[in-house]
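K.L.:
The working numbering puts the first residue of the sequence shown at 6, with every later residue one more than the last.
Please keep in mind that the hints were generated in silico from the structure rather than gathered at the bench.
For every residue, glycine included, the Cβ atom is placed at its ideal position computed from N, Cα and C.
There could be a bad hint or two in this list.
[As the list claims (entries may be wrong)] Dumping the calculated DSS-like pairs for lysine-lysine here, alpha-carbon to alpha-carbon at most 30 Å:
(1) 11 <-> 200
(2) 200 <-> 368
(3) 79 <-> 368
(4) 100 <-> 405
(5) 368 <-> 11
(6) 79 <-> 405
(7) 403 <-> 100
(8) 403 <-> 86
(9) 79 <-> 403
(10) 86 <-> 405
(11) 200 <-> 100
(12) 255 <-> 61
(13) 344 <-> 255
[What the hints assert, rightly or not] Pair ranges (Cβ atoms, derived):
(14) 358 <-> 283: 58 to 68 Å
(15) 233 <-> 319: 33 to 43 Å
(16) 373 <-> 283: 51 to 61 Å
(17) 359 <-> 388: 22 to 32 Å
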Amino acid sequence: MSNPAKLPLEGVRVIDLTWVGAGPFTTKILADFGAEVIKIESETRPDQLRRAEPLKGGGLEQSGYFANRNSNKKSVTLNIKTAEARDTILRLVEKADVIANSFSSGVMERLGLGYREISARNPNIVYLSMPLTEPEGPYASYLGYGMNISALVGMTYIAAEPGRYPLGTGTNYPDHLPNPLHAAFAVLSALRFVKHGGMGQEIVVPQITSTMSMFPESVLGYANNGKVLEPAGTQSWNAAPHAAYRCAGKDRWCAISVHDDTEFQALCDTINRKDVASDPRYATAARRRDNAVNLDADISLWTESRSAEDVQRVLQAAGVRAAVVATAEDLVVRDEHLKARQFWQYLDHPVMGRTIYHGIPAKFSDTPTQYRRPAPLLGQHTDELAELAGIDAQHMAKLKTAGALR
Numbered sequence: 006m007s008n009p010a011k012l013p014l015e016g017v018r019v020i021d022l023t024w025v026g027a028g029p030f031t032t033k034i035l036a037d038f039g040a041e042v043i044k045i046e047s048e049t050r051p052d053q054l055r056r057a058e059p060l061k062g063g064g065l066e067q068s069g070y071f072a073n074r075n076s077n078k079k080s081v082t083l084n085i086k087t088a089e090a091r092d093t094i095l096r097l098v099e100k101a102d103v104i105a106n107s108f109s110s111g112v113m114e115r116l117g118l119g120y121r122e123i124s125a126r127n128p129n130i131v132y133l134s135m136p137l138t139e140p141e142g143p144y145a146s147y148l149g150y151g152m153n154i155s156a157l158v159g160m161t162y163i164a165a166e167p168g169r170y171p172l173g174t175g176t177n178y179p180d181h182l183p184n185p186l187h188a189a190f191a192v193l194s195a196l197r198f199v200k201h202g203g204m205g206q207e208i209v210v211p212q213i214t215s216t217m218s219m220f221p222e223s224v225l226g227y228a229n230n231g232k233v234l235e236p237a238g239t240q241s242w243n244a245a246p247h248a249a250y251r252c253a254g255k256d257r258w259c260a261i262s263v264h265d266d267t268e269f270q271a272l273c274d275t276i277n278r279k280d281v282a283s284d285p286r287y288a289t290a291a292r293r294r295d296n297a298v299n300l301d302a303d304i305s306l307w308t309e310s311r312s313a314e315d316v317q318r319v320l321q322a323a324g325v326r327a328a329v330v331a332t333a334e335d336l337v338v339r340d341e342h343l344k345a346r347q348f349w350q351y352l353d354h355p356v357m358g359r360t361i362y363h364g365i366p367a368k369f370s371d372t373p374t375q376y377r378r379p380a381p382l383l384g385q386h387t388d389e390l391a392e393l394a395g396i397d398a399q400h401m402a403k404l405k406t407a408g409a410l411r
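Based on the sequences and whatever the hints tell you, model everything.
P.N.:
This is the structure in structure tokens:
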């Protein structure tokens, strides 16, 4: 039997001082690609995500949220406020390629773990910081999570129905997409630079500006014409019809998006509404947008008597973009495409038992990514510190006595 293919980042070691959302997702991406990620927490201050819903039970080891964001990692408990723990981290850094943190600006420096101290021990280290905002400026000391970031960058204002109060995205969107992806890509770029003869360096990914870079429309619109882009709900400034339409059954919907006259004609033919196709109110894309309320009502007459799945199937066959507004039950139980692609993966967690994980999105032909282990229990790999940090049993005993391994 041939040896299994190496993973893309096999051999890369990451010291992970991130917690909650964006940071752990960044290091999870690296772990999924094969990096050895050593997550550092403490018993006195574990990652808050360990207590986050959805929970299968009580305690620190039953959060589905934490399990999802920290699979393929190891967990070491170190009380980083002690000098002994700080020295241990510096020992780990000597054998690492990356150290990542998501603390507010200045915290790592106050702990004696700033870039100057870390790079002195390992000049090739890639030092990633993910503060809320830049270390300088009026917001330098601000605290916040994904919801606060969404508000500060203007996303929450836009995510609403016209004339209604801000709704937001329903999730901490910055934690799941822009910030971890920007950070992971930056780390990979810096690692490549080191591999080709360069030195390590400090990377700062301020989460506010990282998120803001993903939403240029409202800023550019105001800069160009002085108008504030107002909330549009599920409508689009560039297309119509463009909304979620009620279908048969309780809380069943299908999202339909039409972007040109050809697609609109195909929609009208499919729902057998020649009168809608010839209505002068809908003759152009601009007119359809201006009369979206009436147009949506006409389309709803057809969708309300059909299942969301049927609406999706029939319209897609006609070349019209349509998609079921899926619930979690749809995704796990009903979605035939996800089943066919074997997207959902299952791992045996020592406390939660058999647990579902989303598949690793990137598919490699020669170096396939894979789940190697479920999320770690708090401190599960602390006993490996002797090997990881190059310290003997006597030193480990001193660390325990000093309260550093808590």
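K.L.:
Please work out if residue 368 and residue 11 have their alpha carbons no farther apart than 30 Å.
P.N.:
With a Cα-Cα distance of about 14 Å, the restraint between residue 368 and residue 11 holds, given a limit of 30 Å.
K.L.:
Taking 51 to 61 Å as the stated bounds, is the beta-carbon spacing between residue 373 and residue 283 within them?
P.N.:
holds, 53 Å
K.L.:
Against the 30 Å threshold, does the CA-CA distance of residue 403 and residue 100 hold or violate the hint?
P.N.:
holds, 21 Å
K.L.:
So if I understand the rule, the pair passes when the alpha-carbon distance is 30 Å or less; does residue 344 with residue 255 pass?
P.N.:
Answer holds: residue 344 to residue 255 is near 24 Å, not above 30 Å.
K.L.:
Is 33 to 43 Å respected by the C-beta to C-beta distance linking residue 233 and residue 319?
P.N.:
The hinted range 33 to 43 Å holds for residue 233 and residue 319, with Cβ atoms some 39 Å apart.
K.L.:
Under the criterion that the straight-line Cα-Cα distance not exceed 30 Å, is the pair residue 403, residue 86 satisfied?
P.N.:
Status holds; Cα separation ~16 Å.
K.L.:
Compare the distance between the alpha carbons of residue 79 and residue 368 with 30 Å, and conclude whether the hinted pair is satisfied.
P.N.:
holds, 23 Å
K.L.:
Between residue 255 and residue 61, is the straight-line Cα distance small enough, at 30 Å or below?
P.N.:
The given pair, whose Cα atoms are some 27 Å apart, holds under the 30 Å limit.
K.L.:
For the pair residue 358 and residue 283, does the Cβ-Cβ distance stay inside 58 to 68 Å?
P.N.:
holds, 60 Å
K.L.:
For the pair supplied as a hint, residue 11 and residue 200, confirm whether the alpha-carbon distance does not exceed 30 Å.
P.N.:
holds, 18 Å
K.L.:
Holds or violated: residue 200 with residue 100, Cα cutoff 30 Å?
P.N.:
holds, 15 Å
K.L.:
For a C-alpha distance cap of 30 Å, please report whether residue 79 and residue 405 respect it.
P.N.:
holds, 19 Å
Checked against the numbered hints above, the structure breaks none of them.
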